[in-house]
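Heads up: the sequence lines are chains R and C, in that order. Sequence positions in the first sequence follow this note's numbering and run 1 to 595. Sequence positions in the second sequence follow this note's numbering and run 1 to 171.
To be clear, the hints were calculated from the coordinates, so they are not data collected in a lab. Be aware that a few hints might be false.
Cross-link-like lysine-lysine pairs, in silico, BS3-like; alpha carbons within 27 Å at most [what the hints assert, rightly or not]:
id	chain 1	residue 1	chain 2	residue 2
1	C	K57	C	K144
2	R	K6	C	K57
3	R	K5	C	K154
Some residues of chain R that are not near chain C, with every Cβ distance over 10 Å (derived) [to be verified]:
id	residue
4	G96
5	L303
6	H309
7	G326
8	E330
9	A336
10	I411
11	K484
12	E499
Part of the chain C face toward chain R, derived, beta carbon under 10 Å [as the list claims (entries may be wrong)]:
id	residue
13	A78
14	T96
15	K154
Glycine included, each C-beta is placed from N, C-alpha and C at the ideal position.
In case you want the letters, here they are:
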Amino acid sequence: MNWLKKGNLAAVAVILTLGTLLSFLFLDSLLRWALVRGGQAAAGARVEIGSVRTRLLEGRLLLRHVAVADRSEPMKNLLEFEDAELSFLPSAALRGKIVIPEATLTGLRLGTPRSRSGALPRAKPSKLELLAREQLAPVQKALQSQAGDLKALPKELDVKKLDSLRSLDDAKARLQGLPERYKAQAELPKKIERELKEIQAGLQSLQGGGGSPADIAGKVRAVQTAQQRLKALQAEVSQAKNDLAAQFEDVNAGLRKAQDLKNKDLNGLLAEAGLPTLDADSLTKRLLGPAASKKVSNALYWLSWARRHSAEKKGAQPKPEQRRRGVDVEFPRPGAYPEFLLEHAAFTGSLSGLAGGKDLSISGSLTGVTSNPPLYGKPARLELGGAIAGGPSFTLKGQLDSTKPQAQAAITFTAAGLPLAGATLGDGELGAQVQAGTAKASGQLKLDGERWVGEVLATAEGVSLEPKLGLSGDMARYAGSALKGVKRFGVRVGIEGAEDDLRLSLSSDLGQTLASGLKGAFSAAFAGQRKQLEDKLDALYADKAGPLSSQSDGLRKQLMGPLDAQQGALQDALKKAASKSTGGSPLDQLKGLFR
Amino acid sequence: MNPLAILRSLLLSLQGDEDPRHVAAGFALGAAWGLVPKGNLFSVLFILFFFFFRVDKGMAMLSALFFTAVGYLLDAPAHAIGSSLLHAGALAPLWTWLYGLPIVPWTRFNNTVVLGSLVLGLLFFTPLYFGFQSVLLYYRANYKEQVSRLPFMKAMMGLRIVTLYLSWTKR
């Protein structure tokens, strides 16, 4: 029986030729489809590309009218540009790699409005976005107090319902478990003491002995060995201290979280009793939270995306993010190109209508974007900026260094003279439209390994607010008056923690101003009731938090004390050993050593 | 291939006189094709196999449809197998050599799931081939006549559209 069908050879040749011809003819359309699909997967929002033209043999790709929608504000574009000209290496493309030595983007515009929504069907917010929304823009509660609905304040608080106390219990459990977890290392101080004595005795014994060259060489070797042992012990003590400090930091983080939750508990109790919270933090979040959470979640989404896609893959065996996707493992020869590399991209564009209708020209560059930073060996860098003399200006600088296993990133930006007119604050019940004013802002965000730390500071000056209120009676009067009185305000957004446990904070004097203004709308009786509730909660909290804090401090001293002392002793011993090995210490010691 | 053609292929494969080895080879090769994720050069190679070798294409198509679904279930083991092979130090020179060749990286052999699924498909090939051949021979020997007398089969084979289609394909 013959398994091979020779007659089909011609048919296959024709099909392959036709297939190749069709692919060549429709390459631009196929590429456009693939770029849109890939772009949408990355941006989590619609991507539109007007046209794609490929010149395979020249290694050039031209894109026209590209728009990437903003996932957090679907009626706006995150960015759009008129033209992009990319040069690529055909030889690398033949090996399934995308290497772009040079790219030029012109007509870049940021935050332009869209005629149709850029939201993708079935797109879900990422974990980071939910986190930003939850922490910066919590669910709004009706502010309008209706005396008729005022319920009696609870005489006793149900401790089981208070999240802050539960968080304290968790922190306490972690603190109580700490000595148990430390048990494995409990013998460490004794071991170090023992070894330290041995080493010191050994060093002491070197004072005697012969003075022949062989004896001297032996002594030098012994001192070197002692130094090595001391350094190893020092490393062990440092490691133990770091581990212990991390565990105490965990407990302290629990205490800080409990403090935040206490305010939430109070607000919840006030809401249950029908009293408005008038808490400055809540009012800040209500006025500025939605806008801040959109900006922050967008920034975090892209930073996380960039970090994920530039993480080192070889050696690590991460789980695939989606079914059937798998993980690509690269096998480059030294000096070979990574699977993706954008060596240098330059862009120019404008931000429209920033200074009395004038456009602000912007320009910048992006370098070293790659799928395999350790292979490429250089960090990715972004620089963007623009200014009008006497008008608005901004600069943005970012660097993501994933060339080492512990990724490091730093982003800084400054902006000044940004017009605020037209911006809205808050919601339908409690909000305002900004009629005039400018803002200056600065921010920095750093990533060290898994940990993000950063803050954004913004100040609005020359502000004029037009209140937009859905309140009635005194509340509307007092809120309107408070908002109209605002001439300047500051905002701070804080970011801290690992990606899966990120803590975001938002504070502003705007909330305080509004809270002070609104307090006048309530009678002394309401204020008294609020105070009663606050006192009760404070008492319950203090009963738990106070002892826990002192217990934590005591345990820290108890466990860290010996390690601190030993670290000092080891340092002294190392200095002595060093002086013996170099002979740099007093001459009489040298005489004693090499007698 | 339309659903009618698939049904016709299945009926002919089971009830017809086609060599059981070709049907079994189509089934096993279709299984391997189904397991491997699509969108790479391996898929094209499989299609070329069907053209060059005398295998039952209808059965291959059915088998590929079924094993594409199975592939989702075998995703985790495929990833584990692919990952262990790609990270095996002894094989690194081979992967590095293949990775540096033109065209070869388009097979995406360096993807954990692609390589793992291909290995699974190749491992399953022999047992599936012999297993399916035995089942088919047993079926044809014991049930073929009874099944062909079923009213459903008569109706199916007698449908004007089917006979037209069959006569057209026999031309």
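Chain C versus L303 of chain R - minimum CB to CB distance exceeding 10 Å, so not interface: Given that every Cβ of chain C is farther than 10 Å from that of L303 of chain R, nearest at about 26 Å, it holds.
Just want to verify: K484 of chain R was marked as not at the interface with chain C; is every Cβ pair farther apart than 10 Å? Since the minimum Cβ distance to chain C is about 61 Å, K484 of chain R lies beyond 10 Å and the statement holds.
Should the hint that A78 of chain C touches chain R count as held when the rule is a Cβ pair under 10 Å? 8 Å, holds
Non-interface claim for E330 of chain R versus chain C (Cβ beyond 10 Å): At roughly 7 Å from the nearest Cβ of chain C, E330 of chain R sits no farther out than 10 Å, so the non-interface label is violated.
Beyond 10 Å from every chain C Cβ: check whether that's true for A336 of chain R. 7 Å, violated
Given hint K144 of chain C paired with K57 of chain C - CA-CA distance at most 27 Å: Status holds; Cα separation ~21 Å.
Let me know if the C-beta of K154 of chain C comes in closer than 10 Å to any C-beta of chain R, holds or violated. 32 Å, violated
For G326 of chain R, is the shortest CB-to-CB distance to chain C above 10 Å, so the non-interface label stands? 3 Å, violated
Whether G96 of chain R stays farther than 10 Å from all C-beta atoms of chain C, as the label says: Since the minimum Cβ distance to chain C is about 4 Å, G96 of chain R lies within 10 Å and the statement is violated.
K5 of chain R paired with K154 of chain C [C-alpha distance capped at 27 Å]: 33 Å, violated
Do the alpha carbons of K6 of chain R and K57 of chain C lie within 27 Å of each other, as the hint requires? With Cα atoms ~16 Å apart, K6 of chain R and K57 of chain C stay inside 27 Å; holds.
Whether E499 of chain R stays farther than 10 Å from all C-beta atoms of chain C, as the label says: 23 Å, holds
In summary, the structure is inconsistent with hints 3, 4, 7, 8, 9, 15 from the numbered list given earlier, while agreeing with the others.
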